[in-house]
Amino acid sequence: MSLTTALNIAQTSLLNVGRQTSVVSTNITNSENENYTRRSAALESLTPGARVVSIRRHAALDLFQGSIRALSENSAQQTISNQLDNLKSVLVGADGELSASASLTKFHDALQVYSSSPSNGLLGESAVQSAKDLVRRLNDASSSIQNTRASIDGEISGTVDQLNDLLSKFYDANLKVMNGTIAGSDINDSLDHRDALLKEISKIVPVSTINRENNDLVLVSGGATLFETTPRNVTFDAQPAYGPTTVGSAVRVDGIQLSAGTGSNTTAKGTLGALLQVRDTVTVNLQGQLDEVARGLIEQFAENDPSGGGLPPLAGLFTYPGGPGLPPAGTVVPGLAQSISVNALFDPAEGGNPALLRDGGANGAAYVENTTGAAAFSDRLIRFGEQLDKPITFDGATGIGGDKSLLSFAAGSVSWLEGYRSDASNAAATKDALYVRLTSTLTAETGVNLDQEMSRLLDLEHTFEASARLIRAVDEMLQDLLAAVR
Amino acid sequence: MKVPYISSLSISQALRYSMASAQSQLASAEREVSTGRLDDIGLTLGHQTGKFISLKGDMQRLETLIDTNGLASSRMKVSQSAISQIVSRTEDILSSTASGVGLDADQSVLASVAKTALADITAILNTSHNGDYIFSGVNSDAPPITDYETGPAKAAFDTAFSTFFGFSKDDAAAQAIDAATMGTFLDTVVEPQFLGTGWATNVSAAADDAILSRITLTQSVTTSVSANEDGFRQAVMASVITVELFSGNLGEQARSAVASKTRQLAGSAVGNLANLQGRVGLLEQQVTSANERLEAQIDILGEHANSLEAVDPYEASTRLTSLITQIETSYALTARIQKLSLMRFVS
Chain A
1 MSLTTALNIA QTSLLNVGRQ TSVVSTNITN SENENYTRRS AALESLTPGA
51 RVVSIRRHAA LDLFQGSIRA LSENSAQQTI SNQLDNLKSV LVGADGELSA
101 SASLTKFHDA LQVYSSSPSN GLLGESAVQS AKDLVRRLND ASSSIQNTRA
151 SIDGEISGTV DQLNDLLSKF YDANLKVMNG TIAGSDINDS LDHRDALLKE
201 ISKIVPVSTI NRENNDLVLV SGGATLFETT PRNVTFDAQP AYGPTTVGSA
251 VRVDGIQLSA GTGSNTTAKG TLGALLQVRD TVTVNLQGQL DEVARGLIEQ
301 FAENDPSGGG LPPLAGLFTY PGGPGLPPAG TVVPGLAQSI SVNALFDPAE
351 GGNPALLRDG GANGAAYVEN TTGAAAFSDR LIRFGEQLDK PITFDGATGI
401 GGDKSLLSFA AGSVSWLEGY RSDASNAAAT KDALYVRLTS TLTAETGVNL
451 DQEMSRLLDL EHTFEASARL IRAVDEMLQD LLAAVR
Chain B
1 MKVPYISSLS ISQALRYSMA SAQSQLASAE REVSTGRLDD IGLTLGHQTG
51 KFISLKGDMQ RLETLIDTNG LASSRMKVSQ SAISQIVSRT EDILSSTASG
101 VGLDADQSVL ASVAKTALAD ITAILNTSHN GDYIFSGVNS DAPPITDYET
151 GPAKAAFDTA FSTFFGFSKD DAAAQAIDAA TMGTFLDTVV EPQFLGTGWA
201 TNVSAAADDA ILSRITLTQS VTTSVSANED GFRQAVMASV ITVELFSGNL
251 GEQARSAVAS KTRQLAGSAV GNLANLQGRV GLLEQQVTSA NERLEAQIDI
301 LGEHANSLEA VDPYEASTRL TSLITQIETS YALTARIQKL SLMRFVS
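Chains as they are written, first to last, in the numbering used here: chain A, 1 to 486; chain B, 1 to 347.
Honestly, the hints are just simulated from the structure, not real lab data. Glycine residues also receive a C-beta, built at the ideal position from the N, C-alpha and C atoms. Among these hints, one or two may not hold up.
What the hints assert, rightly or not - Pairwise CB distance ranges, derived in the manner of DEER restraints:
(1) A:Thr-229 <-> B:Ser-341: 43 to 49 Å
(2) B:Ser-322 <-> A:Glu-213: 53 to 59 Å
(3) A:Asp-305 <-> B:Ala-27: 57 to 63 Å
(4) A:Asn-179 <-> B:Ser-341: 35 to 41 Å
(5) B:Pro-4 <-> A:Asn-35: 20 to 26 Å
Input sequences plus hints: build the corresponding full structure.
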């Protein structure tokens, strides 16, 4: 052991303290960074007396995997829940005032008032006006649904672009990690960056990872490969406009179709699956329900041959482009809610006669029920009012089929939407709680504790001081020795 | 024992998250306390929302029925008072014919009493209410009774008289008509003009069908009476024959036959009209009890709807208070944890 060796060790120690301090300072700088994984500088012994600093990254792999899985589920559920809030506000309103059910009730009331005083032409006009309001509500609701679908389609297209962009960034980050690993340099920052990208990607699609040599990562989503050495193409054909019969196109990852979620507590993971679910299932069901309300109206207000002479029932107050023949019973006619209209023959604004509602005969004299032209003939109006409560058969494909009255079907549509929304919102709360729980465990484990870093800094100060003192002591000893020799 | 590690970020994040969720709950609890209703009905009721909306809609529909029943009730009230006025006019004729049949002067008084009564009965039967002629049945846009003096009924009567007797009632020969012939004339010629098919041809434009009203969601009843009811026909005929045959040149015999026919008709009219009043009364009763049922239903529906949407005010305000406490605790904790740093002790 010589003094020179002691001096060398003290010098190394100073160097090591410098390195360790830089790690502490990086930690402190990133203490508020969620995507940062804490590092620690540990001393390792090589040959006796020589110590080097190695930097360790405190990653928690299992927790990270769990957290990005929860992130996928959570972002899907939040998307569903938000979209349903949207749909509720355009289709139901705060207290149901925008629902078909509310307009139907108003129309029933207008009919009832007209039936109580059928000779009053103004009441007839107001009943027709109320029918027009009802039709307008159906038309508006139907176009809101289609606008929502179109805007979801746009969102899907934007998200797909974002995903492709993220994958190409992931390519760069992955390359850096691999090169760094091969060169043996510090890859911790690159790993942080790659993990942050992985988090962003898993918001959009579910991701599972496969680790290969040199820290190369393969990303798999469902059955499709997202990234393997190079990013795979995610493709989607956006459609600018949506009608009731438009079928949206699929999202393909590396040629494989991405599946849409099902259920209010959605099976979708990632925003794309959820958006596809809303575009292709939820809104389609709601449109079908509106279409069935429209079909019910045309059917219930059809004109029958009063003589029982075998003439077919034909569309009366409510008609559609396929009229005057009635739409087939019991099956949904896509887009009917958009094309239903009040027959111009009834509409005073178009030169029509509202009294046809009282008398019948929009389809010719054979359909006139009030043959004597009596002004207070109320039988037909009363029958219409009562028919809103009589059951007809609705298509089960809309989610709420069966034998129901038009009024209760319309209310059932509100129930369907609100039930879906309520379940989705509850599921969103559960999934959000899980995600928050996992993320906070992850950040607790991998984040920076300032107090610990501070105390480590104090230790380092002491080490630095002691090493410096050591150098001075050796220096003095050497001086003494040299003085004795002189 | 493992000493768990915890990062500073996760400590502050936990507080931040709980604060955000408490504050969003606070906003909704505030609205619930101030309105007494659920903040987001659809979210809380879920699949039951449709039921809630149906309940509200049904209440609205029943209220409309009560409104429209008001119209039917007032129509029947007007009918009721119109019928009793007709009854009293008919009774006037009855009492006048009972007294003076003998003197010429009395006869002209009697004719003029009957004439006034006829005009009154016509006017009363032509009562309109809310734009409808209430005694026209479903034909409510036309007045039911054509004015006798100017309408076809008088001409038909005069023609019938001339045809039957071969001269007009003002002719001197009319003096000689005896009671039996007059009786035959009244029974076989005049009566069909009023109690038979002549009524619809010459006098009445009313429809036999009464106005149908829907008084509950499932029940419809007629809520008017037609001017074609027997009581009205008899009252009109009684006054017409009095007006016509007490003003001509008829002899005492014939007049007594007319007077007895008038008495018989008026008496029977009063009886029939009383029956009619009873029927209208029953209908009124039906509407009234329908209204009572509707109101009871509205109350029940209202209670049900309320039980779905109402928030227990004590529960809501307790929740609000505890949320406020929770947020205050969060603030205090944040402040204390911010102070809890090694930095403050190392300097």
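Hints the structure fails to honour: Of the numbered hints, all hold.
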